[in-house]
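Chain residues, written in single-letter form:
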Amino acid sequence: MVANQYFRPKSLLRRADSATTAEITHGEFRVGCQGGRSILVIGTLLAGMLVGACTAAAHAAELRDVQEVLEEYHSARPQVHELTVYQLDWTPTFQEAKERAAQEQRPIFLVVVTNSYGNIYTGHC
Amino acid sequence: MRGGPLSNPEIVQLLQPFIMTSWNGAASVMGPDIKGIYTQANLPKDTNVSAYVLDQWGRLIHAFQGLPGRGGNDRSDYKIEITRAIKKLNLPSTRTPQTASARPNAIPDLKASVPGFPAGVRLFLRLNNDRDPFRSGLPVVEVVPMTPDEWRNLFLPEGSAGRRIEAEALRKWLVHLYPAGIRTADQQIPFRKMTGELKLEPAGSSGESRYGLLQGAILLSKGEEGPAADAKSSFQGTLRAVLTYPRGGADVQSLRGVIDGFYNYRIRGDIPMPLRVTIESRPE
Numbered sequence: 078m079v080a081n082q083y084f085r086p087k088s089l090l091r092r093a094d095s096a097t098t099a100e101i102t103h104g105e106f107r108v109g110c111q112g113g114r115s116i117l118v119i120g121t122l123l124a125g126m127l128v129g130a131c132t133a134a135a136h137a138a139e140l141r142d143v144q145e146v147l148e149e150y151h152s153a154r155p156q157v158h159e160l161t162v163y164q165l166d167w168t169p170t171f172q173e174a175k176e177r178a179a180q181e182q183r184p185i186f187l188v189v190v191t192n193s194y195g196n197i198y199t200g201h202c
Numbered sequence: 420m421r422g423g424p425l426s427n428p429e430i431v432q433l434l435q436p437f438i439m440t441s442w443n444g445a446a447s448v449m450g451p452d453i454k455g456i457y458t459q460a461n462l463p464k465d466t467n468v469s470a471y472v473l474d475q476w477g478r479l480i481h482a483f484q485g486l487p488g489r490g491g492n493d494r495s496d497y498k499i500e501i502t503r504a505i506k507k508l509n510l511p512s513t514r515t516p517q518t519a520s521a522r523p524n525a526i527p528d529l530k531a532s533v534p535g536f537p538a539g540v541r542l543f544l545r546l547n548n549d550r551d552p553f554r555s556g557l558p559v560v561e562v563v564p565m566t567p568d569e570w571r572n573l574f575l576p577e578g579s580a581g582r583r584i585e586a587e588a589l590r591k592w593l594v595h596l597y598p599a600g601i602r603t604a605d606q607q608i609p610f611r612k613m614t615g616e617l618k619l620e621p622a623g624s625s626g627e628s629r630y631g632l633l634q635g636a637i638l639l640s641k642g643e644e645g646p647a648a649d650a651k652s653s654f655q656g657t658l659r660a661v662l663t664y665p666r667g668g669a670d671v672q673s674l675r676g677v678i679d680g681f682y683n684y685r686i687r688g689d690i691p692m693p694l695r696v697t698i699e700s701r702p703e
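Residue numbers (our numbering), protein chains in the order written: chain A, 78 to 202; chain B, 420 to 703.
Accuracy of the hints is not assured; some may be wrong.
[Stated by the list, open to error] If you want a taste of the chain A side facing chain B, the calculated C-beta under 7 Å gives, among others:
1. 142
2. 150
3. 153
4. 168
5. 177
6. 183
7. 189
8. 199
Since the hints were made in silico from the structure, they are not lab data. Note that the structure is predicted; figures quoted are calculated from it, not measured. Quick reminder that beta carbons are idealized off the backbone N, C-alpha and C, glycines included.
Modelling step: build the complete structure from the supplied sequences, incorporating the hints.
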């Protein structure tokens, strides 16, 4: 019965309403029922429900954080039109470009930047 | 130039038949292959940027100053120069140019290497400054290959309460957190000291995946310890990333995140440059 009541909070509350005595002892909400037939220890169950609710709330908050970061990521990530330079057929090194040119019978467009430490392909130049 | 003619759709269309490549460095360390072309072209040394068109055998066909623009000896109209080069190459008889729209974006990327692990991460960095729309609109793209052992720095077993990760453990990513277009003297100095502690915590689950949230403040300094460190450029910001893990497993499946902060550019005075970085594991 107690196990069933745990999953039926409304019925639990109805039982508590009918109680004649109630006290909180060491964190447990003890209810004395009419006629003194039994004492329902529902504090633990309420605490369980509270923990469950908190866990669900925390879970929702965590997923909100996840969603928020993913939205930030999507809004900050460059759009296709901002990456037009990558519609060109870049090859990282001149040596590789020469090999490909010979193999594919294609011309090479080489950009040389002197006195600069960087890379036009990545953009850190 | 990268954000100018090389991002201009008309020029991009003209350059479709070409294999693109570049070389950056001090003229004194130029290798013999590049030096041969550079010397043969013998362009005026008014600027430090030059462009060369070579045929399929690597022979020099055409050369011009690399700074875009019209007027003066140190500027070139890319459309005119590339059209000239195409005529010299007699391209239509060798190959039909592809259309820009037909070619997928060849963004720097990584191919899968070890099954079960991403090959690494890709970073898009840009200046986040409305007053500098040119550089803000042109991202730097860096890829960082990672080994399974490096990914295991970010493992998160199911049921774990989370843990702390030193910024230093992410050095391979963080070394790239500087803007484009800074002086070589500053660019050549790597970040030496990386401080900050990031929290990696479970952040719920959905379907077959669990999420982890990695977040915290980071401080990267190019200076050594002590007051002298303040004279060098630094980066200060926050990292937030979502990692996914399989249910019942602890290894990272994917990562998506953002780093926001300021690159404190200290060449002449102190110029705070806002940087926004997106980070993603590759391949998808």
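Consistency of the hints with the structure:
1. At about 6 Å, the closest approach between the beta carbon of residue 142(A) and any beta carbon in chain B falls short of 7 Å, and the interface hint on this residue holds.
2. With a least beta-carbon distance of about 5 Å to chain B, the hint placing residue 150(A) at the interface is held under the 7 Å criterion.
3. Evaluation of the residue 153(A) hint against chain B yields a held restraint, the C-beta minimum of about 5 Å falling below 7 Å.
4. Hint status for residue 168(A) relative to chain B: holds, with the closest Cβ pair at about 5 Å, below 7 Å.
5. Among the interface hints, the one on residue 177(A) holds; its C-beta lies about 5 Å from the nearest C-beta in chain B, closer than the 7 Å criterion.
6. With 7 Å as the threshold, the beta carbon of residue 183(A) comes within range of chain B, its nearest partner Cβ sitting at about 5 Å, so the hint holds.
7. Of the supplied interface hints, the one on residue 189(A) holds, with its beta-carbon coming within about 5 Å of a beta-carbon of chain B, less than 7 Å.
8. Of the supplied interface hints, the one on residue 199(A) holds, with its beta-carbon coming within about 5 Å of a beta-carbon of chain B, less than 7 Å.
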